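Fit chain P to the known structure of chain D by using the hints.
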Amino acid sequence: MRATALRNGPSPVSAPIDTIVEVRGISKTYGNVEALRGIDLDFPRGKLTSLLGPSGCGKTTLLKIIAGLIRADGGTIAINGKTVSAPGPERAFVFQDFALMPWATVLRNVAFGLELRGTSRAEREEIARRYIAEVGLAGFEDKYPHELSGGMRQRVGLARALSVDADVLLLDEPFSAVDEQNRRKFQEDLIRLRTNQNKTFIFVTHSIEEAVYISDRIVLLSPRPGRVSQIIEPEIDRSGDPERIHRDRHYLDTVDEIWQGLKQYVE
Amino acid sequence: MALSIRTDGEAAGLAASSSRGTTGAWWEEPVVLRLVSIAAFAAIWEVAGRIPVSFAFPTFSDTMVAFFGLLADGSLASAYLSTLQPLVLGVVLSAFLGVGLGTICGLWRTGEWLLIPVFIVLQAAPVAAFIPMVTFVYGIGMTAKTLAVIILALPVIVLNTYKAVRNVNQSLLVMCRSFLGTPWQTVAKIILPDASPVIFAGLRLGVAAGFVGVVLAELLITPTGIGDLITFHRSRADYAEMYATIGSIIALSTLTLVFLQWVEARVFRPEKRGA
Numbered sequence: 001m002r003a004t005a006l007r008n009g010p011s012p013v014s015a016p017i018d019t020i021v022e023v024r025g026i027s028k029t030y031g032n033v034e035a036l037r038g039i040d041l042d043f044p045r046g047k048l049t050s051l052l053g054p055s056g057c058g059k060t061t062l063l064k065i066i067a068g069l070i071r072a073d074g075g076t077i078a079i080n081g082k083t084v085s086a087p088g089p090e091r092a093f094v095f096q097d098f099a100l101m102p103w104a105t106v107l108r109n110v111a112f113g114l115e116l117r118g119t120s121r122a123e124r125e126e127i128a129r130r131y132i133a134e135v136g137l138a139g140f141e142d143k144y145p146h147e148l149s150g151g152m153r154q155r156v157g158l159a160r161a162l163s164v165d166a167d168v169l170l171l172d173e174p175f176s177a178v179d180e181q182n183r184r185k186f187q188e189d190l191i192r193l194r195t196n197q198n199k200t201f202i203f204v205t206h207s208i209e210e211a212v213y214i215s216d217r218i219v220l221l222s223p224r225p226g227r228v229s230q231i232i233e234p235e236i237d238r239s240g241d242p243e244r245i246h247r248d249r250h251y252l253d254t255v256d257e258i259w260q261g262l263k264q265y266v267e
Numbered sequence: 001m002a003l004s005i006r007t008d009g010e011a012a013g014l015a016a017s018s019s020r021g022t023t024g025a026w027w028e029e030p031v032v033l034r035l036v037s038i039a040a041f042a043a044i045w046e047v048a049g050r051i052p053v054s055f056a057f058p059t060f061s062d063t064m065v066a067f068f069g070l071l072a073d074g075s076l077a078s079a080y081l082s083t084l085q086p087l088v089l090g091v092v093l094s095a096f097l098g099v100g101l102g103t104i105c106g107l108w109r110t111g112e113w114l115l116i117p118v119f120i121v122l123q124a125a126p127v128a129a130f131i132p133m134v135t136f137v138y139g140i141g142m143t144a145k146t147l148a149v150i151i152l153a154l155p156v157i158v159l160n161t162y163k164a165v166r167n168v169n170q171s172l173l174v175m176c177r178s179f180l181g182t183p184w185q186t187v188a189k190i191i192l193p194d195a196s197p198v199i200f201a202g203l204r205l206g207v208a209a210g211f212v213g214v215v216l217a218e219l220l221i222t223p224t225g226i227g228d229l230i231t232f233h234r235s236r237a238d239y240a241e242m243y244a245t246i247g248s249i250i251a252l253s254t255l256t257l258v259f260l261q262w263v264e265a266r267v268f269r270p271e272k273r274g275a
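Sequences listed follow chains D and P, in order.
Mapping of the first sequence onto this note's numbering: position 70 corresponds to residue 70, and the numbering continues sequentially without gaps.
Mapping of the second sequence onto this note's numbering: position 264 corresponds to residue 264, and the numbering continues sequentially without gaps.
Keep in mind that the hints were calculated from the coordinates and are not lab data.
All of these numbers come straight from a predicted model, not from anything done at the bench.
Mixed in with the good hints, there may be bad ones.
Stated by the list, open to error - 16 Å max Cα-Cα, derived EDC-like pairs, lysine to aspartate or glutamate:
hint : chain 1 : residue 1 : chain 2 : residue 2
1    : D       : Lys47     : D       : Glu22
2    : D       : Lys199    : D       : Asp18
3    : D       : Lys185    : D       : Glu243
4    : D       : Lys185    : D       : Glu209
5    : D       : Lys143    : P       : Glu271
6    : P       : Lys272    : D       : Asp142
Pulled out of the complex, with its shape left as it was, chain D reads as follows (with noise of 0.2 Å):
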């Protein structure tokens, strides 16, 4: 077993990090609100890292800044040392609201990334199989988004995000709208899914159980404007049960350090 430590702080210089995002100097103002002020991040490649923070301090304004969706006002991101601007194929998004097509089978949803990319229809169907058996809907190939539960719907999406086959992976609080019981399992899932897919995870959440639950490295951000407060590194086992962590000492610690810190943001 791992040790357990916990660290706080922004990590360690002294290990050689491999950066796959680098956030610099990015701002954001709508109207005279000003969303985010010079942030300064990095990403490290195959972490799953957490933006949280309470709402209002910009972190699926962060998030879809480095998507491309929201051009910023100032400041750069590049993913693997190359300035974007825009989406590009390393990057792969997953809806708040799933945004899946109505009119089309879970197949096809899962493999739109490719067809607009010109795959071929066998090849692309081959490779949403493989992603849709990889999420749990094994089965429910030819079925139609409003016959899925919310839990299958974001399944689908994230399907769909794997299947591009990026390195990023940008998720928007995917489990918002998802209840609860599904949301557990979703978690557990993702936690697996992490250990076989080589994947950088950027997550978008409110939940700090849900952040320290999953997160190799968690973002916190502070309202008003958007600035990073802290960066924490919860060291969980996660090899084992998953069910385990939600009873580990540290797991329990790291919510309630979050709390603390976070408790004067809340009116």
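What follows is chain P alone, placed relative to chain D:
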């Protein structure tokens, strides 16, 4: 949020959609109910005709006999031959032109300012008043009849398409962009399928208006086709034949609309099949 504990394999909507047909009694079957509705209408018509409501109001059975008579002597066929040409031409032109113009106006602000006011006025105007003017300019031939169909059918198709394209689901547009869809792919794969229910509602209204247009043109200006057949039988006081002719064009219009609905479910919104 759902209170019941739902397992992963359980699809929420499945039970609701499939159980309806099997649990209801036979008299609750949609097909049976529809046939009952038609039979009840025919029965009331028959009774009203026998009272009689008016000497110019034939019974249902007389009308059916007259209908088969018109079929047998070929007058219905030759009337439709002359009516259907401008109707089909006008409806098909209106459909393509209307969906095309509507899409352009929905996507492109300048197009919207240029065209939409014209169609709003056209839709509000009692367009039938234009028909004599159309005759004045284009005579009494095929062109005039086709134009009458287009004038009536086009505005509603353009306006519905425009509204549907304008109100397209934004989150699907963002999704398409994030997965690197080109503008053409966005139109073909997201905007048109998403807009198709409202576009098809416009097409159904447009097609129905096209039928109105062609019959109006034939009644008002060019005594040919179905309009002529109606006028002819009225002038001879063959009321059963007159009603049979009117009934036949209503039936044709209805069947066309049902066919459109089928095309929509088949091609654009397969998830609504069987709903």
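- Holds or violated: lysine 199 of chain D with aspartate 18 of chain D, Cα cutoff 16 Å? 13 Å, holds
- Item | Proposed proximity, glutamate 209 of chain D with lysine 185 of chain D (alpha carbon, max 16 Å) | 14 Å, holds
- Task: Compare the distance between the alpha carbons of lysine 272 of chain P and aspartate 142 of chain D with 16 Å, and conclude whether the hinted pair is satisfied.
- Result: 14 Å, holds
- Query: Taken at face value, is the distance from the CA of glutamate 271 of chain P to the CA of lysine 143 of chain D at most 16 Å?
  - Reply: Since the Cα atoms of lysine 143 of chain D and glutamate 271 of chain P sit roughly 9 Å apart, the hinted pair holds (cutoff 16 Å).
- Straight-line alpha-carbon gap lysine 185 of chain D to glutamate 243 of chain D, limit 16 Å: 10 Å, holds
- Message: Tell me if the straight-line CA distance from lysine 47 of chain D to glutamate 22 of chain D falls inside 16 Å.
- Response: 14 Å, holds
Every hint, counting from the list given before, is met by this structure.
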